[in-house]
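In order, the protein sequences belong to chains Z and F.
Under our numbering, think of the first position of the first sequence as 47, with each following residue one higher.
Under our numbering, think of the first position of the second sequence as 29, with each following residue one higher.
FYI, nobody ran anything at the bench for these hints, they're computed from the structure.
Cβ coordinates follow ideal geometry from the N, Cα and C atoms, glycine included.
Any given hint might turn out to be false.
What the hints assert, rightly or not - DSSO-like mimics (lysine-lysine), calculated; alpha carbons at most 27 Å apart, straight line:
#	chain 1	residue 1	chain 2	residue 2
1	F	208	F	276
2	Z	185	F	38
3	F	233	F	276
4	Z	185	F	221
5	F	137	F	169
6	F	80	Z	185
7	F	110	F	209
8	Z	185	F	278
9	Z	146	F	38
10	F	77	F	93
11	F	239	F	209
12	F	276	Z	185
13	F	92	F	38
14	F	93	F	239
15	F	169	F	144
16	Z	215	Z	149
17	F	239	F	229
18	F	100	F	278
What the hints assert, rightly or not - Computed from the model, here is a short list of chain F residues facing chain Z with C-beta under 8 Å:
#	residue
19	40
20	44
21	223
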Amino acid sequence: MSDLVRNIIRFVLFILIQVYVLFQIPPLHRFVVPYLYFLYILWLPFNMPRVGVTFVSFLLGLTLDFFTKTPGLHAAACTLIGYLRPFLINILIPQEGADKSYKSPSGTSMGWAPYATYVLILTFIHNFYLVLLEWLDVKSFVFLLGKVVATTGVSLLLIMITELLFFRKEKFRTNSV
Amino acid sequence: MRNIFVFIRKFFNFFFFLVMQIAALYMLFHYNQFHEAAFMGVANEITGKVSKRYNNIEYYFHLKKTNESLAKENERLRNMLKEDFEVADTSAVLKTDSIPYDTTGIRRKYLYRDAKVVNRFLVFPNNYFSIHRGTNQGVRKDMGVISPDGVMGVVVNASENYSVVMSLLHLQSSVSGRVKKSGETGQVYWDGKSSDAVIMKNLPKSVPITKGDSIVTSQYGTYFPPGILIGTVTEIVDDKSSNFYVLKLKTATNFSSVEHSMVVENLQAEEQKKLEEAVKKNQ
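Excised from the complex, chain Z in its bound form (with noise of 0.2 Å):
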């Protein structure tokens, strides 16, 4: 399966799976949102180029507030970390060339420890982002910070999930340095 293929199934997946199972679940609490969604952004592959990644951003939030109802909302967040994405990657690269030899970013390519970094970094962006667009109407700082500290926590649980569920089997591509 070529990559785009493979990223445009998961995108469709990823929109599906945050709209119709993720959001559908009973709210425990205002301050839980389970979001995953975002982590397309996180897999997208490391050859793409940074002005691509920041427009597939804007496309998969836009997409998500069309069936929300919030035009903005989402697209404002995913292009923000999708914009920072290559600085984070950049800086966490572990050896010269991991960004050629490997697809994408993963626990296998980056290493796990600058990996989960990447992951926690992101998430709490994405969603302190999303959160302070969201405290403008609710005008409450318990608000923003609980909502902050338990999204982030639930966001992080979900893709530890998915990251064992679907475990990404990176190849050493040794020609391509």
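Chain Z is already provided as a structure; the job is to place chain F on it using the hints.
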């Protein structure tokens, strides 16, 4: 001039990000105007169709609850039939005046249309749901939507076959409520805290109120007919600094499992609105 192009090319990624970010924020903050944008209607149709597919499956899991609420609504409506009432006194005769029930429809104020709920959200501070009925079936913006149990929301955008409804669970939603027992009115809001509780404000403390009292829609709102149940009082907060109660209500509608709704069209709303606006202009 050349330096500007070099500058833009050097920071192209950043500028592209900025443009996308501004586009997203523009959509977010101009949401009300954006509703009417044409491609929002197209997006509405597509997401509506996908949601309808999903709902075909999900509907089975809510059949029991849906049946119960529909049966309860039937019971309530049957108890309102005029045949249920008979006076023993022979001097009092129940007569039906034929004029108010004229078939020309001039006197009709509210028209109900059944609509299937295809998608619903409860997790956001601003929630919307979609119904399978649109402009082709007579639904327009600013129509009230009720469930078999009570108030649900107001239509904010209608495409050809689907409509977007602003749920009562939306931070900007506001419904004029009335205490069923005494007739005093107040405003009902959602505070964003729980998906089955709303808040009623502006109710004077002189009104006798107890837990369990019904709050219904008032005669002052234009979206809903008077007497539609909004919720029942669960908590009375006695704010010492003001002369008004803050009531916590349990919503009549179960937003997490509602499957059928009615779109209420107020046929006289336009006339009323025109008159009220004319008065405002004259002042």
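Hint-by-hint comparison with the structure:
1. F:208 - F:276: Status holds; Cα separation ~15 Å.
2. Z:185 - F:38: violated (39 Å)
3. F:233 - F:276: Holds, at roughly 15 Å.
4. Z:185 - F:221: holds (13 Å)
5. F:137 - F:169: holds (17 Å)
6. F:80 - Z:185: Violated - the C-alpha atoms of residue 185 (chain Z) and residue 80 (chain F) are around 35 Å apart, more than 27 Å.
7. F:110 - F:209: holds (22 Å)
8. Z:185 - F:278: holds (24 Å)
9. Z:146 - F:38: holds (23 Å)
10. F:77 - F:93: holds (24 Å)
11. F:239 - F:209: Status holds; Cα separation ~12 Å.
12. F:276 - Z:185: The given pair, whose Cα atoms are some 20 Å apart, holds under the 27 Å limit.
13. F:92 - F:38: With a Cα-Cα distance of about 62 Å, the restraint between residue 92 (chain F) and residue 38 (chain F) is violated, given a limit of 27 Å.
14. F:93 - F:239: OK: residue 93 (chain F) and residue 239 (chain F) at ~25 Å, within 27 Å.
15. F:169 - F:144: Satisfied, since the Cα-Cα distance of roughly 17 Å is no more than 27 Å.
16. Z:215 - Z:149: The hint holds at about 10 Å.
17. F:239 - F:229: It holds: about 15 Å lies between the C-alpha atoms, which stays within 27 Å.
18. F:100 - F:278: Cα-Cα ~18 Å, so holds.
19. 40: holds (7 Å)
20. 44: holds (5 Å)
21. 223: Holds - the Cβ of residue 223 (chain F) comes within 8 Å of chain Z, reaching about 5 Å at its closest.
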